[in-house]
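Protein chains: 2
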Amino acid sequence: MKYQGIEYFVLIGGVVGLVLALMIYRSMVRQDAGDERIREIGLSIYQGAMAFLRRLYRILAIFVITVAILLGWQLGWATGFAFISGATCSVLAGFFGMKSATQTNIRTTAAAKSSGISGALSVAFNGGAVMGLSVASLGLLGLGMMFLFFGSPEKASIISGFGMGASSIALFARVGGGIYTKAADVGADLVGKVEAGIPEDDPRNPGVIADNVGDNVGDIAGMGADIFESYCGSIIASLAIAATMPLEEARVLTGNSPQPTDALMLFPLLMVTLGLGASFCSIFSMRLFKSLKPSRALRLSSVLSVAVFFCGALSAVLMLGFKLELFMAIAAGSIGGILIGITTEYFTGGKPVFQIIKASKTGPATNIISGMAIGMESCIIPMFLIVGMILTANALAGLYGIALAAVGMLATVGQTMTVDAFGPIADNAGGISEMSQLGPDVRKITDELDALGNSTAAEGKGFAIGSAALTALALFAAYGQAVKEARGVSEFVIDITEVNVVVGLFLGATLPFCVGALTMKSVGRAAGKMVQEIRRQFREITGLLEGVPGVKPDTTKCIDISTQAALKEMILPGVITIMAPVVVGFSFGAEALGGLIAGATSTGVLLAIFMANAGGAWDNAKKYIEQGLVEGELKGSDAHKAAVVGDTVGDPLKDTSGPSLNILIKLMSIVALLIAPLIA
Amino acid sequence: MKYQGIEYFVLIGGVVGLVLALMIYRSMVRQDAGDERIREIGLSIYQGAMAFLRRLYRILAIFVITVAILLGWQLGWATGFAFISGATCSVLAGFFGMKSATQTNIRTTAAAKSSGISGALSVAFNGGAVMGLSVASLGLLGLGMMFLFFGSPEKASIISGFGMGASSIALFARVGGGIYTKAADVGADLVGKVEAGIPEDDPRNPGVIADNVGDNVGDIAGMGADIFESYCGSIIASLAIAATMPLEEARVLTGNSPQPTDALMLFPLLMVTLGLGASFCSIFSMRLFKSLKPSRALRLSSVLSVAVFFCGALSAVLMLGFKLELFMAIAAGSIGGILIGITTEYFTGGKPVFQIIKASKTGPATNIISGMAIGMESCIIPMFLIVGMILTANALAGLYGIALAAVGMLATVGQTMTVDAFGPIADNAGGISEMSQLGPDVRKITDELDALGNSTAAEGKGFAIGSAALTALALFAAYGQAVKEARGVSEFVIDITEVNVVVGLFLGATLPFCVGALTMKSVGRAAGKMVQEIRRQFREITGLLEGVPGVKPDTTKCIDISTQAALKEMILPGVITIMAPVVVGFSFGAEALGGLIAGATSTGVLLAIFMANAGGAWDNAKKYIEQGLVEGELKGSDAHKAAVVGDTVGDPLKDTSGPSLNILIKLMSIVALLIAPLIA
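First to last, the sequence lines map onto chains X and F. Straight run, no breaks: the first sequence in the numbering used here ends on number 680. Straight run, no breaks: the second sequence in the numbering used here ends on number 680.
Be aware that a few hints might be false.
If several chains are the same, the list does not tell them apart, and a pair holds so long as it fits within one copy or across any two.
[Said to hold, decoys possible] Mimicking PhoX-like on lysine-lysine, the simulated pairs with C-alpha atoms at most 20 Å apart in a straight line are:
# : residue 1 : residue 2
1 : K529      : K358
2 : K323      : K635
3 : K193      : K641
4 : K361      : K641
5 : K529      : K361
6 : K351      : K361
It should be emphasised that the hints constitute simulated quantities derived from the structure, not laboratory data.
Just chain X, with the same shape it has in the complex:
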């Protein structure tokens, strides 16, 4: 086989990535962890996060084993094995990331105190890099192994099991994490900030540790599993499409390669390995940018990763003698992803935020209306970008091109995820400096990092949605191919003039609304319990609210409430998401299932963008007023109070319901792809 070396190259890339992540982790842990007070808070957050993960993984273990047995029984044991592998890799990526993030936070605070902003940025960035490299490397390693075992066109469908494993973990991590973080956040804010009038992150508030744990649980474990799923999903989709592509077509794309199918199946893996290499470069380049403004440094390193990746990908295509169109499809996805990120940044940080602030002057109602309108408006450009990417990639290389565009968008995930993970770490560092009363100088540094983290987090959310949309579409295309293959026909048509397909489409379109409603209600219920507990502590623990030295809140109780609520409330939306495609597929057939996915994807992407951007814009409207960026309006003014309402409304939208929809669309597509042989 001409391309035999490539899969080992992929595996080596994965191993090197993990080793580097370990090295960065060990050097990070050696950093100063601050004084005793900081370390104590850090330990509480760390323990809270680990306790949640332990209980989450215990539930997931049962779920994963059950599904693996079902899959093994119906689709063969290899698929069951692939499913467990995917789930395991996702869990490991999340675990490594959490382990790193919950130890980086205090070290960032300590660095902010001892060596200023550049030192703090470097610590936080390295902590994020452990997550970024883990996600990319475990994806490579896992899929590389899968390819080694099942890398032939006949067996390629088994690899979809890996994707479903990753998806299932992502679903529960995202939904559970999202409920956890917002129950704690909303609960702590409602009693602490609104009722008791004490500042955010005040150590007297029993909910603040849970709130900080929640930032990690939602934005590290949840976001990591989400991106890991997109990463694997895009590769699997391109593998699956390549495996079923007519030889003639494959030969043209590979410039008359003698083994065109192998070549096209390996190509996406090669691309993401190069993307990981590019991420290494950009992560290490941060050392060179130390003297720059933090926001500039982050931006430069992002640009660098894409530039290096483009050079590598172009060289590879030229060296292999493949059609240049393949590189162009990759580039289209990559550039599209960046543009979606920029759009998100504009809507959550630019002029629209000032429109919301203006509307806040006439009260909370106009603040909400304005934010909702902006959230809806913000869907238009990303949808056009997605459509543009689809049309371009399809013109270049057909369905395979669409899958490649998704791969291109996600190839530099090592870098993207590093920057994403930086956000919650900086957020935590700020909370810790407040809780350990380090004074305004340190707080100013961590606030600056936090603001930067917010803007990267907004971009990250846009990127997560965009990549989920493209991945879902690629998987949908692969689903179509898989049904054809299973039926042994050359055409599979999902005709929306057929009643069954319309029914699928309508039910699919309803699903995101259903999951959105469920998750919002979950947050409401969980936050309600948190409110009661915090009120109880303020009432019953004498001296707590007055700040008597030595009197401490019972933070473990609050952590426990969030944990229990998250684990309980994640079940129903999770089950609905997984069962919907199975039920529709088996009762109405493969065509109706196609309609279901199309409906869920189109509505899901739109609602996810709406929720993420409205939430982000409300958040920043409040922050801008607090930072004094708006003339005449200060903290405590009526406009600020209205903005706080908007921010609270946006919280569950942008951190629970919206992100859950990212997973929903991908998971449904991959379940469909997996069960295609059974329902075809």
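On the provided structure of chain X, position chain F as indicated by the hints.
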């Protein structure tokens, strides 16, 4: 021709309906119009409404003539003529309804004062009946004439022009009316109730007349045009499907009729004529129910109309010897519509409202989150009902069955629209009794009628969305048939595995978000202008706010602001809605246009239900607290303040953006149906 009599029966039905409407109108006008103060207020509202209509019609005249010329040029002058006829009938129905409603309002107030609740109910109901009968009769008359001219299978496509005429008027009436009513409402409330602390509908508030004009403009003219469009659309869809149905199939459905196509084309017209007859019965039966509780009387008359209609329809099917399946499809739609109405009533008036009230106790943010979650949740059952209707009707009589279900839902429109129009009339009567300071006794009666009107309005909104969804689907089916016919092929496939169709689907799904954002922003801008004007008057007119006798606000200025804003802001969403299918159809082809419609319909229906029900539930949460239905929470409490925020947020959702989406989905389908021959 065996069925030749039927079209004259239809036309006679239409004429009789109009005559009865005129008789009811004349008897209503003879009622006591109250004292001078009431008459003066009534005159202001009447003149404000007529001024708006005049300027609206002037703009629409230009639009209608331009489009008619374009249509005539591209599709033949008969289509242009049909378009003008449809537009004219819609305008006339709206005008008659407005004329009646803006004179019934004061007479209802006067009757509440002189003869209590049953007298007031009777006046208000009769005022609504003028609207209800006008909508149904003009629909029958217009479509009956169309059938007389173009009732052969070859010419049936011309009749779609009538539908597009009705749709275009509906679009501008709904969007413009929605912006008008909410600009006035939000503006008047923000300055009057919130800033100045004066009651709703206080005569000192310069915006209250505009607010009352708005209720008519939005809920009479807008709603009337909306329902008129659904009514005509559903009939046109069934005509179009019948015209292109294979003879063999038609023969089976009609029990071996010798002219099966003619029979199936006339059948829906016959059904709606019987529906109009049933509406007569139920409208006149209200005289018998005088001694009953108003809510019971309304419900009984609704049940009666459906029962009479079912008897008539069943007898007709049996007498004609058609398959019983046709009647069952009609009944499925009719019952489905009722069930959607009941669901709507539950979500906007039942247990969910108390969940919102509970959430209001922790402030406006939780009120909003809870309302949004309930709005999303409320989409699930109606979507299942729609899916159930589609599956049932299709199993009974194929695509023709789906169109018949829509016809069945809308056949008793004379009755439904009467009850719908009763709502804004009662609302106006309440406002007038407050403005003319008739005292708490009269106010109590009008409040009771108003509460009843709110609940019928909520049901009416659910019904409007449900019928719009089914009509859009029927038109979509007709579109598929039309493309086949134009291409002269036996199969037309809209395959969502094709990239073009996916692109259409995504763009279509984005459209409701786009129109939603535009209309919400329009309301914001228009309300902003209103706020400034009302503030200016309170500031500059000395003695106004203090209530010095003889000092009056300049209400005309406020009416003018609402009128101008509505007319200006309706243009962009209107043009986007009409142009989107044309642009996509001509640039990406008939398949992509099918995708566009499917995407817009699925997302549009969901967003419309979400907006209507969230808005309705927020509205009632506030009202329930004000009515003292909630223990421990009274007007002015924190929970009430939070509920007022929710109510204000819901206003533009339920009265502007949501209703606009009803039109969007129907209009796009009918434009597609009309241009099918050009793009096929």
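Tested hints:
no.: 1; hint: K529 - K358; result: between (34 Å within a copy, 14 Å between copies)
no.: 2; hint: K323 - K635; result: neither (58 Å within a copy, 71 Å between copies)
no.: 3; hint: K193 - K641; result: both (11 Å within a copy, 19 Å between copies)
no.: 4; hint: K361 - K641; result: both (9 Å within a copy, 17 Å between copies)
no.: 5; hint: K529 - K361; result: between (32 Å within a copy, 14 Å between copies)
no.: 6; hint: K351 - K361; result: within (16 Å within a copy, 33 Å between copies)
Consistency with the previously given hints fails for number 2 only.
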